[in-house]
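Student: Take the sequences, apply the hints, and build the full model.
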Amino acid sequence: MAGFRDRGVSAAGHLAVPHPAVTLVLEFGAGPLIVDAAGGRQHRGSLAAGLGFGPGAARVRGERFEAVQVRLSPLVARAVLGVSPADLEGTVAALDDVWGRPAAQIRERLGDASSWEQRFAVTDALLARRCRPGSSVDPEVAWAWHRILVARGRVRVDVLAADVGWSRKRLWSRFHAQVGLPPKRAAKLVRFDHAAHRLAAGEDAARVAADAGYADQSHLHRDVMAFTGATPATLAGAPWLAVDDTAWPQRWRRGQPTADRPTRRT
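So that you can map any letter, position 223 of the sequence shown is 223 in UniProt numbering, and since no number is skipped, the others follow by simple counting.
Result set (EDC-like, lysine to aspartate or glutamate): computed pairs, CA atoms no more than 16 Å apart in a straight line:
1) K184 / E89
2) K188 / D158
3) K184 / D158
4) K188 / D223
5) K188 / D211
Calculated from the structure, these hints are not laboratory results.
Tutor: Here it is, written out as structure tokens:
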């Protein structure tokens, strides 16, 4: 999880970088958090977003908003959210619609907390209370997801299906229903995420493209544009990669957080 404070200094907002996780954004503070999503859709306030933060580019903006961002593995997201990640595919949903009244209560509790550590503790307790045992995914789906992560997206769906003893069609159906994306799209997202972190760490784009399995640097550029609407150079500095140590050096986590200098907890 990460904490953000935006004092309204950037009217254009900040790039919402797709990530292979289900995203919760718990907003509090004086002004609303606004998400400008693909297709001209707009969302205000706390939200839940499916794997990859939905299709196409999205930007987050606001004036004097504060927020705690949480990334959940799709394997546990249903147990915590009470809805399947597949129900969030391609959408940014209002947390009020997902949780009802508790969403307003968590906003109040976060606003009453006096430090980011207290807000993280409040969020930890909330997630623990909401977690429902037994809301698990098939072992075959969990194995396929972990295999995609370990391979950094460089794995064939037919190989995954053969390894778990399922047909390609059955793996596609079960994986999509329980993780929230088809396996091939999930693998593409994981590969993009790996490349994004290496770009954020300052590595050369041509080297990243070669090591991540892209045909060439142009292929990487097209993938980054498709996921974010931004160039690789712009992606490398996006603050919403801040949950990750690789993408956000320690020097930026000192002092009070802003949208350009968040604080984090793993």
